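Undergrad: Sequence:
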Amino acid sequence: MKKYLVDGEVLGQQPLSQDICVLTVKAPEIAQNAEPGQFVTVRSNHLTVPLLRRPFGVAGVDRDKGTFLIMYRIVGEATKLLAELKAGDTISVMGPLGHGFALTGKHPLLVGGGVGLAPLHFLAANLTVPCDVVVGGRTADELFWTNLFRDKTEHQFETTNDGSRGTKGFVTAVLPELLASKVYDLVYVCGPSPMMHAVSEMVMKAGIPCQISLEKYMGCGLGACLSCTCSGIGKRVKVCKDGPVFWAQEVTEW
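To convert a position in the sequence shown, counted from 1, into this note's numbering, add 54.
Simulated from the structure, these hints should not be mistaken for lab results. Any given hint could turn out to be false.
As the list claims (entries may be wrong) - 30 Å max Cα-Cα, derived BS3-like pairs, lysine-lysine:
hint, residue 1, residue 2
1, Lys140, Lys270
2, Lys140, Lys56
3, Lys222, Lys206
4, Lys57, Lys295
Said to hold, decoys possible - Listed next, with one range per pair, are the computed distances between beta-carbon atoms:
hint, residue 1, residue 2, range
5, Gln68, Val237, 32 to 38 Å
6, Arg290, Ser218, 40 to 46 Å
7, Gln68, Lys259, 38 to 44 Å
8, Leu157, Glu255, 19 to 25 Å
9, Val129, Ala156, 26 to 32 Å
10, Cys279, His161, 38 to 44 Å
For clarity, every value in this text was computed on a predicted model and none was experimentally measured. Think of the CB as a built atom: it goes at the ideal place given N, C-alpha and C, for glycine as much as any other residue.
Let's have the full structure, built from the sequences with the hints guiding it.
TA: Below, the structure is given as C-alpha coordinates:
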(Lines of atoms letter the chains of each structure in order from A; the text may use other names.)
(Lines give C-alpha, C1' and ligand atoms only; values in the text may rest on other atoms or scores of the structure.)
Protein backbone atom coordinates (compact mmCIF):
# COMPACT_ATOMS: atom_id res chain seq x y z
CA MET A 55 0.00 0.00 0.00
CA LYS A 56 1.27 3.46 -0.88
CA LYS A 57 2.53 5.62 1.96
CA TYR A 58 2.21 9.38 2.10
CA LEU A 59 4.34 12.04 3.77
CA VAL A 60 2.23 15.16 4.01
CA ASP A 61 1.69 18.30 6.05
CA GLY A 62 -1.68 17.72 7.66
CA GLU A 63 -3.87 20.58 8.85
CA VAL A 64 -4.91 20.46 12.48
CA LEU A 65 -8.65 21.06 12.68
CA GLY A 66 -8.79 20.94 16.46
CA GLN A 67 -8.51 18.74 19.46
CA GLN A 68 -10.61 17.76 22.41
CA PRO A 69 -9.65 16.50 25.86
CA LEU A 70 -11.24 13.16 26.68
CA SER A 71 -9.87 12.95 30.21
CA GLN A 72 -7.27 14.64 32.36
CA ASP A 73 -4.39 13.36 30.22
CA ILE A 74 -5.95 11.90 27.05
CA CYS A 75 -6.82 14.01 24.01
CA VAL A 76 -8.14 13.42 20.51
CA LEU A 77 -6.53 15.31 17.64
CA THR A 78 -8.35 15.81 14.32
CA VAL A 79 -6.06 16.14 11.30
CA LYS A 80 -7.02 16.89 7.71
CA ALA A 81 -4.89 14.80 5.37
CA PRO A 82 -7.11 13.38 2.58
CA GLU A 83 -4.44 11.01 1.21
CA ILE A 84 -4.16 9.24 4.55
CA ALA A 85 -7.86 9.39 5.43
CA GLN A 86 -8.80 7.77 2.12
CA ASN A 87 -6.37 4.88 2.46
CA ALA A 88 -6.05 4.06 6.16
CA GLU A 89 -7.43 0.71 7.31
CA PRO A 90 -8.32 -0.30 10.89
CA GLY A 91 -5.17 -1.33 12.75
CA GLN A 92 -2.77 0.79 10.71
CA PHE A 93 -0.81 3.67 12.20
CA VAL A 94 0.82 6.98 11.30
CA THR A 95 4.00 8.65 12.48
CA VAL A 96 3.97 12.36 13.25
CA ARG A 97 6.33 15.22 13.89
CA SER A 98 4.68 18.15 15.58
CA ASN A 99 7.36 20.78 14.89
CA HIS A 100 10.24 21.53 12.57
CA LEU A 101 12.93 21.49 15.27
CA THR A 102 15.49 18.76 15.92
CA VAL A 103 13.94 17.94 19.29
CA PRO A 104 12.15 15.58 19.61
CA LEU A 105 14.37 13.97 16.98
CA LEU A 106 12.24 11.01 15.96
CA ARG A 107 8.70 10.88 14.70
CA ARG A 108 6.13 9.31 17.05
CA PRO A 109 3.77 6.48 16.06
CA PHE A 110 0.02 6.57 16.77
CA GLY A 111 -2.70 4.15 15.77
CA VAL A 112 -5.39 5.66 13.58
CA ALA A 113 -8.44 6.03 15.83
CA GLY A 114 -10.97 6.93 13.16
CA VAL A 115 -11.40 8.48 9.72
CA ASP A 116 -13.94 10.57 7.88
CA ARG A 117 -13.22 9.80 4.25
CA ASP A 118 -15.69 12.41 2.96
CA LYS A 119 -14.03 15.19 4.95
CA GLY A 120 -10.51 13.81 4.44
CA THR A 121 -9.78 13.73 8.16
CA PHE A 122 -8.47 11.19 10.67
CA LEU A 123 -8.20 11.00 14.46
CA ILE A 124 -5.29 10.41 16.82
CA MET A 125 -6.08 9.65 20.45
CA TYR A 126 -3.06 10.04 22.70
CA ARG A 127 -2.03 10.19 26.34
CA ILE A 128 0.19 13.12 27.39
CA VAL A 129 3.23 11.36 28.80
CA GLY A 130 6.35 13.09 27.44
CA GLU A 131 7.78 15.96 25.44
CA ALA A 132 6.40 14.83 22.07
CA THR A 133 2.84 14.43 23.31
CA LYS A 134 3.05 17.70 25.24
CA LEU A 135 3.85 19.38 21.90
CA LEU A 136 0.88 17.60 20.33
CA ALA A 137 -1.36 18.94 23.08
CA GLU A 138 -0.25 22.50 22.26
CA LEU A 139 -1.39 22.28 18.64
CA LYS A 140 -4.44 24.31 17.71
CA ALA A 141 -6.73 24.64 14.71
CA GLY A 142 -4.85 25.92 11.66
CA ASP A 143 -1.46 24.51 12.69
CA THR A 144 0.25 21.98 10.47
CA ILE A 145 1.74 18.66 11.45
CA SER A 146 4.00 16.37 9.43
CA VAL A 147 2.29 12.99 9.00
CA MET A 148 3.49 9.78 7.36
CA GLY A 149 1.11 6.95 6.69
CA PRO A 150 -0.85 4.81 6.57
CA LEU A 151 1.76 2.33 7.83
CA GLY A 152 1.81 -1.36 8.73
CA HIS A 153 -0.85 -4.02 8.36
CA GLY A 154 -4.35 -3.78 9.77
CA PHE A 155 -6.87 -6.19 11.29
CA ALA A 156 -8.40 -9.11 9.38
CA LEU A 157 -12.11 -8.36 9.08
CA THR A 158 -13.17 -11.99 8.88
CA GLY A 159 -15.18 -12.57 12.04
CA LYS A 160 -18.97 -12.88 12.01
CA HIS A 161 -19.36 -11.97 15.70
CA PRO A 162 -16.09 -10.57 17.03
CA LEU A 163 -15.19 -9.41 20.50
CA LEU A 164 -12.96 -6.37 21.01
CA VAL A 165 -10.84 -6.18 24.17
CA GLY A 166 -8.87 -3.06 25.04
CA GLY A 167 -7.35 -1.07 27.83
CA GLY A 168 -6.17 2.54 28.07
CA VAL A 169 -5.22 4.22 24.80
CA GLY A 170 -5.04 0.74 23.28
CA LEU A 171 -8.74 1.27 22.67
CA ALA A 172 -7.96 3.89 20.02
CA PRO A 173 -7.31 1.50 17.07
CA LEU A 174 -10.22 -0.65 18.25
CA HIS A 175 -12.46 2.42 17.97
CA PHE A 176 -11.57 2.68 14.26
CA LEU A 177 -12.07 -1.07 13.89
CA ALA A 178 -15.52 -1.01 15.53
CA ALA A 179 -16.64 1.77 13.20
CA ASN A 180 -15.70 -0.33 10.16
CA LEU A 181 -17.12 -3.70 11.15
CA THR A 182 -20.24 -4.66 9.23
CA VAL A 183 -21.19 -7.44 11.66
CA PRO A 184 -22.40 -7.30 15.28
CA CYS A 185 -19.57 -6.91 17.78
CA ASP A 186 -19.14 -6.54 21.53
CA VAL A 187 -16.39 -4.77 23.45
CA VAL A 188 -14.64 -5.14 26.79
CA VAL A 189 -13.36 -1.77 28.01
CA GLY A 190 -10.79 -1.73 30.80
CA GLY A 191 -9.36 1.15 32.79
CA ARG A 192 -7.67 1.91 36.07
CA THR A 193 -10.60 3.97 37.39
CA ALA A 194 -14.10 5.06 36.39
CA ASP A 195 -12.63 8.29 34.98
CA GLU A 196 -10.82 6.23 32.31
CA LEU A 197 -14.00 4.59 31.07
CA PHE A 198 -15.11 7.52 28.94
CA TRP A 199 -14.38 5.07 26.11
CA THR A 200 -17.74 3.41 26.65
CA ASN A 201 -19.46 6.50 25.22
CA LEU A 202 -17.27 6.34 22.13
CA PHE A 203 -18.18 2.70 21.47
CA ARG A 204 -21.85 2.97 22.37
CA ASP A 205 -23.18 3.38 18.81
CA LYS A 206 -20.71 0.89 17.34
CA THR A 207 -21.21 -2.19 19.51
CA GLU A 208 -24.09 -4.35 20.70
CA HIS A 209 -22.91 -5.03 24.24
CA GLN A 210 -20.26 -3.37 26.36
CA PHE A 211 -18.51 -4.88 29.36
CA GLU A 212 -16.58 -2.64 31.70
CA THR A 213 -13.81 -3.32 34.20
CA THR A 214 -11.80 -1.07 36.49
CA ASN A 215 -8.79 -1.96 38.56
CA ASP A 216 -10.27 -0.33 41.66
CA GLY A 217 -13.87 -1.44 41.11
CA SER A 218 -15.16 2.13 40.85
CA ARG A 219 -17.19 1.11 37.76
CA GLY A 220 -18.10 -2.21 36.22
CA THR A 221 -16.41 -5.41 37.27
CA LYS A 222 -13.46 -5.00 39.63
CA GLY A 223 -10.20 -6.20 38.13
CA PHE A 224 -8.52 -6.34 34.76
CA VAL A 225 -10.30 -7.13 31.48
CA THR A 226 -9.48 -10.79 32.09
CA ALA A 227 -11.97 -10.77 34.97
CA VAL A 228 -14.94 -10.97 32.58
CA LEU A 229 -13.39 -13.10 29.84
CA PRO A 230 -14.01 -16.62 31.20
CA GLU A 231 -17.79 -16.17 31.12
CA LEU A 232 -17.75 -14.40 27.74
CA LEU A 233 -15.54 -17.00 26.08
CA ALA A 234 -17.57 -19.84 27.56
CA SER A 235 -20.69 -18.42 25.90
CA LYS A 236 -19.37 -19.67 22.51
CA VAL A 237 -20.76 -16.50 20.91
CA TYR A 238 -17.49 -15.12 19.53
CA ASP A 239 -15.49 -16.35 16.56
CA LEU A 240 -12.64 -13.79 16.61
CA VAL A 241 -11.12 -11.64 19.36
CA TYR A 242 -9.18 -8.43 18.74
CA VAL A 243 -6.92 -7.15 21.52
CA CYS A 244 -4.96 -3.93 22.02
CA GLY A 245 -3.46 -2.43 25.15
CA PRO A 246 -0.52 -2.93 27.50
CA SER A 247 1.60 -5.98 26.64
CA PRO A 248 0.90 -7.90 29.90
CA MET A 249 -2.83 -7.45 29.31
CA MET A 250 -2.65 -8.60 25.69
CA HIS A 251 -0.49 -11.57 26.64
CA ALA A 252 -2.94 -12.70 29.34
CA VAL A 253 -5.98 -12.16 27.11
CA SER A 254 -4.52 -13.93 24.08
CA GLU A 255 -3.58 -16.98 26.19
CA MET A 256 -7.14 -17.24 27.48
CA VAL A 257 -8.63 -16.77 24.02
CA MET A 258 -6.37 -19.29 22.30
CA LYS A 259 -6.99 -21.79 25.10
CA ALA A 260 -10.70 -21.40 24.33
CA GLY A 261 -9.96 -22.29 20.70
CA ILE A 262 -10.90 -18.87 19.30
CA PRO A 263 -8.71 -17.01 16.77
CA CYS A 264 -7.10 -13.91 18.27
CA GLN A 265 -5.46 -10.87 16.73
CA ILE A 266 -3.24 -8.54 18.73
CA SER A 267 -2.00 -5.04 17.94
CA LEU A 268 1.45 -4.65 19.44
CA GLU A 269 2.68 -1.39 20.87
CA LYS A 270 6.46 -1.19 20.52
CA TYR A 271 8.89 1.67 20.24
CA MET A 272 9.05 2.31 16.49
CA GLY A 273 11.85 4.69 15.55
CA CYS A 274 11.29 4.93 11.80
CA GLY A 275 7.99 3.14 11.21
CA LEU A 276 9.32 1.70 7.96
CA GLY A 277 11.26 -1.40 9.05
CA ALA A 278 14.68 0.20 8.60
CA CYS A 279 15.92 0.96 12.13
CA LEU A 280 15.00 -2.42 13.70
CA SER A 281 14.07 -0.73 17.00
CA CYS A 282 10.74 -2.58 17.17
CA THR A 283 11.82 -6.14 16.38
CA CYS A 284 10.61 -9.01 18.53
CA SER A 285 10.63 -12.78 18.36
CA GLY A 286 8.14 -14.51 16.10
CA ILE A 287 7.71 -18.12 15.06
CA GLY A 288 11.07 -19.06 13.50
CA LYS A 289 12.20 -15.50 12.86
CA ARG A 290 12.46 -11.98 14.18
CA VAL A 291 9.57 -9.77 13.12
CA LYS A 292 9.38 -6.02 12.68
CA VAL A 293 6.32 -4.70 14.45
CA CYS A 294 6.11 -1.59 12.25
CA LYS A 295 6.36 -3.45 8.93
CA ASP A 296 5.14 -7.00 9.64
CA GLY A 297 2.51 -5.71 12.09
CA PRO A 298 1.47 -3.95 14.21
CA VAL A 299 -1.38 -6.48 13.95
CA PHE A 300 -0.44 -10.15 14.30
CA TRP A 301 -2.27 -13.38 14.93
CA ALA A 302 -1.51 -14.07 18.59
CA GLN A 303 0.37 -17.31 17.87
CA GLU A 304 2.77 -15.53 15.51
CA VAL A 305 4.57 -13.66 18.31
CA THR A 306 6.57 -15.21 21.14
CA GLU A 307 8.07 -12.09 22.72
CA TRP A 308 5.85 -9.48 24.32
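Undergrad: Compare the structure with each hint and give your call.
TA: Structure-based check of each hint:
| no. | hint | verdict |
| --- | --- | --- |
| 1 | Lys140 x Lys270 | 28 Å, holds |
| 2 | Lys140 x Lys56 | 29 Å, holds |
| 3 | Lys222 x Lys206 | 24 Å, holds |
| 4 | Lys57 x Lys295 | 12 Å, holds |
| 5 | Gln68 x Val237: 32 to 38 Å | 34 Å, holds |
| 6 | Arg290 x Ser218: 40 to 46 Å | 41 Å, holds |
| 7 | Gln68 x Lys259: 38 to 44 Å | 39 Å, holds |
| 8 | Leu157 x Glu255: 19 to 25 Å | 24 Å, holds |
| 9 | Val129 x Ala156: 26 to 32 Å | 30 Å, holds |
| 10 | Cys279 x His161: 38 to 44 Å | 39 Å, holds |
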